[in-house]
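Work from the hints to combine the two standalone chains into their complex.
Chains L and H, in that order, give the protein sequences. Residue 356 in UniProt numbering sits at position 356 of the first sequence, with consecutive numbering throughout. Residue 68 in UniProt numbering sits at position 68 of the second sequence, with consecutive numbering throughout.
These are calculated hints, taken from the structure and not from any lab test. The reader is advised that the hints may include incorrect statements.
[Claimed, not checked] In silico EDC-like pairs for lysine to aspartate or glutamate, Cα to Cα no more than 16 Å straight-line:
hint, chain 1, residue 1, chain 2, residue 2
1, L, Lys535, L, Glu234
2, H, Lys169, L, Asp345
3, L, Lys535, L, Asp208
4, H, Lys169, L, Asp362
[Said to hold, decoys possible] Over 12 Å on every C-beta distance to chain H, these chain L residues come out as not near it, computed from the model:
hint, residue
5, Met1
6, Cys79
7, Ser293
8, Phe430
9, His479
10, Gly512
Since this is a predicted model, take the numbers as computed values, not measurements. For every residue, glycine included, the Cβ atom is placed at its ideal position computed from N, Cα and C.
Residue strings, one per chain:
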Amino acid sequence: MNLLTVEALKVTIGSQPVVENVSFSLAPGEILGIVGESGSGKSMTALAIIGLLPEGACAEGAIEFDGRQILSMEESDLCDLRGDGIGMIFQEPMTALNPLMTIGDQVAETLMVHRRMRRGEALRIARDRLDRVGLTGDRFPLTLYPHELSGGQRQRVAIAMAIALRPRLLIADEPTTALDVTTQAGVLALLRDLARSEDMALILITHDLAVTAAMADRVAVMKDGIVVEDRPTEALFRAPAEGYTRALLHASLPRAPSAFPKYPPGVAAGDGGSAPATDAAGALLRVEHACRSYRLPRPRPFAPRPLRAAVDDVSFRLEAGESLGLVGPSGCGKSTLARAIVGLDRLDSGGITLAGTAVGPDMPAPARAAMQIVFQDPYGSFDPRQRVDTLIAEPFHLTGRPAGWRDRVGEALTDVGLSPGDGRRFIHEFSGGQRQRIAIARALITRPRLIVLDEAVSALDVRVRAQVLDLLERLQERHGLAYLFISHDLSVVGALTSRCLVMDAGRIVEDGPTARILTAPRHPATQRLVAATPKIPPGWLTPEENRR
Amino acid sequence: MRPTLLPGLILTAVALGAALLSFVWTPWDPGALAVTQKLQPPSAAHWFGTDHLGRDILSMLMTGARTSLSVALVAVGIGAGIGVPLGLAAAARRGGVVDGVIARLNDLIFAFPALVTAILFTASLGPSAMNAVLAIGIFNIPVFARVARAGALSLWTLDYIRAARVAGKGATRISAEHVLPNIASLLIVQATIQFSLGILAEAGLSYVGLGAQPPTPSWGRMLADAQTFVTLAPHVALFPGFAIVLTVLGLNLLGDGLRDALDPRLKGRLA
Chain L
1 MNLLTVEALK VTIGSQPVVE NVSFSLAPGE ILGIVGESGS GKSMTALAII GLLPEGACAE
61 GAIEFDGRQI LSMEESDLCD LRGDGIGMIF QEPMTALNPL MTIGDQVAET LMVHRRMRRG
121 EALRIARDRL DRVGLTGDRF PLTLYPHELS GGQRQRVAIA MAIALRPRLL IADEPTTALD
181 VTTQAGVLAL LRDLARSEDM ALILITHDLA VTAAMADRVA VMKDGIVVED RPTEALFRAP
241 AEGYTRALLH ASLPRAPSAF PKYPPGVAAG DGGSAPATDA AGALLRVEHA CRSYRLPRPR
301 PFAPRPLRAA VDDVSFRLEA GESLGLVGPS GCGKSTLARA IVGLDRLDSG GITLAGTAVG
361 PDMPAPARAA MQIVFQDPYG SFDPRQRVDT LIAEPFHLTG RPAGWRDRVG EALTDVGLSP
421 GDGRRFIHEF SGGQRQRIAI ARALITRPRL IVLDEAVSAL DVRVRAQVLD LLERLQERHG
481 LAYLFISHDL SVVGALTSRC LVMDAGRIVE DGPTARILTA PRHPATQRLV AATPKIPPGW
541 LTPEENRR
Chain H
1 MRPTLLPGLI LTAVALGAAL LSFVWTPWDP GALAVTQKLQ PPSAAHWFGT DHLGRDILSM
61 LMTGARTSLS VALVAVGIGA GIGVPLGLAA AARRGGVVDG VIARLNDLIF AFPALVTAIL
121 FTASLGPSAM NAVLAIGIFN IPVFARVARA GALSLWTLDY IRAARVAGKG ATRISAEHVL
181 PNIASLLIVQ ATIQFSLGIL AEAGLSYVGL GAQPPTPSWG RMLADAQTFV TLAPHVALFP
241 GFAIVLTVLG LNLLGDGLRD ALDPRLKGRL A
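Chain H extracted, bound-state conformation (with noise of 0.2 Å):
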């Protein structure tokens, strides 16, 4: 096993364990205000202390998980539904009218810096977690278009797909058949990195006041809200911006090990 994958996959599970959790049990109730109590440090009865509200961050990051990780897996589900089979159509047509048409609208997609343009998205239809949601999964697209396509070209010369179409099957069927299965592992690793672009974009988003609104927890709220406090008490910026780092690192690191682990070439070497 690839040094990467394990601690990829020990901190991907807290972050995915404690949004979980969080449906059932959280410490405190994430949305109680306790002014007498704000801005405690860490503590036994709070372990990750209260800000300035008094609320529990424990439970807020808790709570706030289910945010970011769903918004995420939402724009990584856009972002693949549409972009694969994208990628799929031009690399069966390469060359052709609709290989041609989908180039360009990625080319268009990816001419605007992507989170400018999710600001402007959300700023024009306001802001909500949908909304976020929506404008990072558009831009996931032409990403998993591209390496949809550039998989797939290269398997589309290979012997088997011309005994594939020897046999009488269409482009959708070799497509659905044999390509996708054999490109399933780079997709998955692009979706790991996507995820964890996508917990970056939200986090950004909500810092901005443009993502998830009050009362709903996340992460780039709590940190926009702690930072005036930040030398009064830096714990209330510190473990919000932790949990964000922390998930980002992990699902990078996972997706790391995930490609080397995936790779057949490189099965032989790993054993």
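Isolated chain L (complex conformation) (with noise of 0.2 Å):
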């Protein structure tokens, strides 16, 4: 008897189909892995079973949950399902959580809703939820509000919520996308466990294949709308029958780490500019006891407001031409190392150079034209109201703008993939990957020695990333690029980087080779890293892959 039956399952939205023909079940307690990328039409198929498409969404086809009819039933009827047969967590826990009421209401809320409880009684059930998900009443009491909460906390607590009712099926959508490798683990962890303990069914859906080897009995890869594979997990990773899922299997793999040096400092560096490459003893950037605090809100009135120490007492060089990683878990000062090593912030203490000069918000032009970055997120790293050649020619401020500058725009933009062409169009018709590809080339445009890389890939699919990783590794090649790459991602890292500092609460805990700290981590914070990343068991690939 299978809980969830989904049988021919078409959506259009207006008149365009975004799912296709799906079909699939799923029996009580079974986990079932839903792949695919960006647009691939996994979220719409979760959707249309908890009946939540958006506004203009037609659904055909039939879901058949527990014996209902889902596609056919009324709204009233499907409130009533909603949260107590099937429940439901999203992507963004930031934002998945009602900033004015506290955890235990929220949890509570529920209860109250479907079972007509007193709020006392709720609560007592909402605490026993939330201790069930690693919340417990000693460190967080029910009267939390969600902005006292880290990102895998909140996380928590809308899985508290989905489960409050022991729903018969949970859909996941993207549930650790947002969070760094080691929440990550935590978080599939309790819900692999969840669905054992309580028998309840899981669809766990993503974009990294690598997730779902250790949790699904089954996985579905889905593609434009249409599954192209279904089959249990193993079978799938130890032979996958389709192209597409083996093209997905390899952007999931670890990448070889790059040899170091690839080339002799200062011979391959600076195509452009006169500045010396390197400073006087041979480092292209110098990074010397920084120190940078925040002052965090007063405990009580009148207290004295608290330092906490973001980065502490960090030193390191960069060669001119290498790639370093820079690994740390959420919260351990990276970003604020990034932001002051690009002369955005200022340091407490401590000292930053490049090639010689000091590195702060008033050091001179030319200097800062030596070092671009890129950012994180594709969507909010453009001013939508500009083209993407005058984007992409933004940096031009520092140097001038040369004569031929739309030539050396189309210079970029065909270094990265991109056609001259595209200089003209305007980045809301780009997709997250080109887009991550705009934003390269306009780190590029100034011929840069050093690019910094803060998260640049995490928020891709997992075959994109592997394409702007190799992107990356021929820019370097062609440019003699050094690249400090920041990332929670220690797979990622070790894809592009010969070497690798590792961060934990402000300090450097560990600097070495990528290769070593990947096989043999010696410090407790990156040993924790390491066994967060997702694998998938070497025996379930072949012996090629596996010397990848």
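In structure tokens form, the structure reads like this:
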């Protein structure tokens, strides 16, 4: 007896089909992974199951849950079903909770609505559910507000809300994509454990095939609204039948780390400008005893404001043409450090020099042109009202626009795999991966020596991510660039860098060759990061894939 | 298109058209007295009737629209011209001294009831349309400053502003190139609302005799003049009243419609 049967589901928005002929079934307690890239229709499938399709979307076919047809149900019946029979968790934990309600009330709300419980009783069950997701009463009283919790903790509250009524089916739509790897590992383990212990079926939607390896009983791969492959997890990983699945699988594998040094320092570096490529001691970037702390709110009126050290006595150097990784969990201070390195913020003490010039908000423009940055969010990185060529040409502000600036923009676009004609278009006409390419083009335009990549591929689908990483590697070869690659994800850093720093609580705790850090981490913080990275079991892969 | 945008556009266009037309043509000379023709009801000769001095009401309304719209327009211009740069500066230096000073100045102006201070202003400087413009304009400054600051603050946290800073651009340049175009829709909507409030304020000031002085026609003064004859010839008060209400309504509907039409987040749903 199946809990959920989806038959020939078709979803159209306007006249555009987004899901076509999708059929699958789910037994009680089974975990199904739905894997696909942005726009593959995986989220629409999930929303159709819970009856929350956006306005203007139209579903055909049949969805049977526990003997009832969902597509023909009245809205009021659907309301009774949602939260009670089917629970759902969304991607963004920062906006999934009401900031004005305590976490206790938010979890209790579902109980009060569906079971008509009194508040006291509902809060008692809410306590129990929050304990279940690992937010125990001693550290997480019911009276906390969402802003007092971290992203991973908020996602746990969202899970507690979804499982408050012990639904028979839980849908998790990219539940860990917005979290860093260590938090992701904890949330995934919790979901698996809940499904097993409460006999709850789970649909786990993700773009990352590696995430499903340790989680799902079965994996359905979606592409352009169609399920291309739906098989038991191990069989699918051992012998993917479809080319598309193989491509996804390859993108999820760790890539071979680069060899260092690729270039003798100073030879390939810098094909423009006349400033010295390195300082007297041969380093391109030098960070010495950098400290930066933030003032926290007063714990009580008139108390002194406590300080929190975000960056605590960090020192390192980066050679010309080198790619250096900087890895650490959210909140370890790596973004604060990145902002100081590109001269957006000041340090409290210590110093940063780029090729011998001190870095800071008021550094001279030509020196600043030797360094650019690529940000994480492909959607927030561009002014929506300017054309792409104007956007890419923005860093010319530092050097003055050269006469042939349009050719330079075209060249940069070609460099990143787009066509020069794309310069006349607006940014909303491009996909996330293309936007990140444009961000790289913008960083390349002044022919810098150092590009800081601040989580530059974290927001991308795995396959697009692999393409962008390939692109970055090619560009490094062509232009002799140095990269400072900042990420929470060791596997991404391993793909591109030869040396790696691990940061934890504001300090550099480990520094060594990336390959060594990946295979034999020494510091406990590094070991946690390595253990948390989702891996495909080596036995499931071919020897050739394992060698990569 | 939003249902409010079209009626808003039509009403605003009628008021604006009447004002522009009055420069070249009105049915009668709006200043010509004809005491024998006083308080006539609407007729073929005088569509909206005549007032207590026998002047043609339609002609007076058309010329009065000129006063009302230009006073409101200049007042919005003063408010936006000074308020928006202040708001952008405050957002660029958020948390700093500049931000604090601008915020306190805003509070200072907000602390006084607008119309009462406008009365004080015109009473001490002498009643005239110019002083009414100044008084209304000054009260528009903090409104625009706050809207600009709030809109700009959320933009300053975005990566494209950071990218512009990495490109070495200063706060002024970033405000002009990146912030202003992206809060323009907010400001346009606010401008239509302030515009309609400006018309109301001008009418109010003229009504108490502190706005435009005779013989310059003004909707507010037409109302004031008409109130003694309301029982005798209601149309004399009704038409200027309608003119004010419909123009203000039109501008508010326009503002509402523009807010939705200019919001890129809503674009997909409206298409």
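Quiz item: Are there hints from earlier that the structure breaks, and if so, what are their numbers?
Solution: Failing hints: none at all.
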